[in-house]
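Guided by the hints, dock chain D onto chain W, whose structure is given.
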Amino acid sequence: KAGVTQTPRYLIKTRGQQVTLSCSPISGHRSVSWYQQTPGQGLQFLFEYFSETQRNKGNFPGRFSGRQFSNSRSEMNVSTLELGDSALYLCASSPDTVRETQYFGPGTRLLVL
Amino acid sequence: QKEVEQDPGPLSVPEGAIVSLNCTYSNSAFQYFMWYRQYSRKGPELLMYTYSSGNKEDGRFTAQVDKSSKYISLFIRDSQPSDSATYLCAMSAGSGNTGKLIFGQGTTLQVKP
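Chains as they are written, first to last, in the working numbering: chain W, 4 to 116; chain D, 1293 to 1405.
Everything labelled a hint here was simulated from the structure, so no lab data went into it.
Keep in mind that the hints are not guaranteed to be accurate.
List time: in silico SDA-like cross-link candidates among lysine to any residue, alpha-carbon distance up to 20 Å [stated by the list, open to error]: (1) D:K1334 / W:P42; (2) W:K60 / D:N1347; (3) D:K1294 / W:T41; (4) D:K1334 / W:E55; (5) W:K60 / W:S30.
Rough simulated footprint, nothing fancy, chain D against chain W, three-plus residues with beta-carbon under 8 Å [stated by the list, open to error]: (6) 32-46; (7) 102-109.
Using N, Cα and C, we set each Cβ at its ideal position, and we do this for glycine too.
Pulled out of the complex, with its shape left as it was, chain W reads as follows (with noise of 0.2 Å):
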């Protein structure tokens, strides 16, 4: 089975612009989680979509984003970038009867200047 796959992988936005990144998730997981990695923080929880629904959110602004589509692929917005968004933005999948044994993609490195 192939892997989670995420676009871009790198990414150079500038403050006040907003991004749009993409997850495809293992075939057959319909439950897709987004998680925020920096130095500083490590990985945090950003949001969680299963069938379509967010079913979970984490501890993030609103202009933290997502949404997913009928066929599992999942996308994640962030809009009026800051200079703190700078990040590893990591997508991971899991199956429907574990939710909790995530799968994670290669990450979007995000910088934003």
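Frame of chain W, contents of chain D only:
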């Protein structure tokens, strides 16, 4: 205080040594316990998954969960230079928080030939 505490290291051991990695946590609702390995500039890779208390073994890796002490461990036997990476513990309460993983900061391990 963070919900999950993990010593960031770095931990340096000679090849062939037994490595012990640990995490403590404060949330007694955690039921799912995972260990991930992350190589530099890659996404985390799921190594071990344990539900509730007990031990689990997979090849050179053994995971232990002691819920009474709120303490989990990962042991690596016959460590190899290829084991050099950052090891992250992750936990979830399941139920209403299904799909939401809380991560430790990660321990950097170096195995010297």
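Note to self: Going through the numbered hints above, which ones does this structure break? Give me the numbers in ascending order.
What the structure shows: As far as the earlier hints go, 2, 4 and 5 are violated by this structure, in ascending order.
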